[in-house]
Amino acid sequence: GAVVSQHPSRVICKSGTSVKIECRSLDFQATTMFWYRQFPKKSLMLMATSNEGSKATYEQGVEKDKFLINHASLTLSTLTVTSAHPEDSSFYICSARSIAGGRNEQFFGPGTRLTVL
Amino acid sequence: GEDVEQSLFLSVREGDSSVINCTYTDSSSTYLYWYKQEPGAGLQLLTYIFSNMDMKQDQRLTVLLNKKDKHLSLRIADTQTGDSAIYFCAETTYSSASKIIFGSGTRLSIRP
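Keeping their order, the protein sequence lines are chains C and F. Under the numbering used here, the first residue of the first sequence carries the number 228, and numbering increases by one thereafter. Under the numbering used here, the first residue of the second sequence carries the number 19, and numbering increases by one thereafter.
Since the hints were derived computationally from the structure, they do not count as laboratory data. One or more hints might be untrue.
Lysine-lysine pairs mimicking DSS-like chemistry, simulated, CA-CA at most 27 Å apart [stated by the list, open to error]: (1) F:Lys117 with C:Lys269; (2) F:Lys88 with F:Lys54; (3) C:Lys269 with F:Lys54; (4) C:Lys268 with F:Lys117; (5) C:Lys293 with C:Lys247.
Derived, one-sided and incomplete: chain F residues facing chain C with beta-carbon distance under 8 Å [what the hints assert, rightly or not]: (6) Pro57; (7) Gly60; (8) Leu61; (9) Leu64; (10) Lys86; (11) Ala103; (12) Phe106; (13) Tyr112; (14) Ser113; (15) Gly121.
Here a beta-carbon is modelled for each residue, glycine too, at the ideal position from N, C-alpha and C.
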């Protein structure tokens, strides 16, 4: 299957700082990428849908000024957690949608664990 | 609305079959998925079934779909220690074609 990478895999930051997480589709082009948040022992919650070259679509309850998403190319989307606070600590997972060969499948990255002190 | 429900835990003996169950509410589901998440890792798509199918088998995995009851199950034959993980049931629907709705996940533990 297609490969999606995330960087960094783990990050620890101080409260009030901003953190950028990258999501890359390594061997396919992704016009759409998705950002999820997973709380401990909970399911994945979709935060936003990122479309290449346009503004991201945020789910209800997700602050777009807090979680900045940029999808500058067909292989890269970034999520920036601005002015991070301890309650932002979570596991963030991205996925990229491949439409190659007529399929419509999402491939998930390995996740980024963010800890805000 | 869209809702996907799973039991939180399942414990089986090594070598036995595991059956993980899932119910969903949206009758307009298109695809139903099973994902596996190992500790500290992302999600791996195990298998999926189109909503007009009843069953799909892939090696040790068997997916059964009862569309009338909106019930999906994943059977893992000859469960091994490497199958220990959290299994997520998920769906996409006609009303939200690109959005995957996940269940809460079932933690499968294997006992010797």
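To see whether the hints hold, each was checked on the structure:
no. : hint                   : result
1   : F:Lys117 with C:Lys269 : 18 Å, holds
2   : F:Lys88 with F:Lys54   : 21 Å, holds
3   : C:Lys269 with F:Lys54  : 14 Å, holds
4   : C:Lys268 with F:Lys117 : 21 Å, holds
5   : C:Lys293 with C:Lys247 : 12 Å, holds
6   : Pro57                  : 11 Å, violated
7   : Gly60                  : 4 Å, holds
8   : Leu61                  : 4 Å, holds
9   : Leu64                  : 11 Å, violated
10  : Lys86                  : 25 Å, violated
11  : Ala103                 : 13 Å, violated
12  : Phe106                 : 7 Å, holds
13  : Tyr112                 : 13 Å, violated
14  : Ser113                 : 14 Å, violated
15  : Gly121                 : 6 Å, holds
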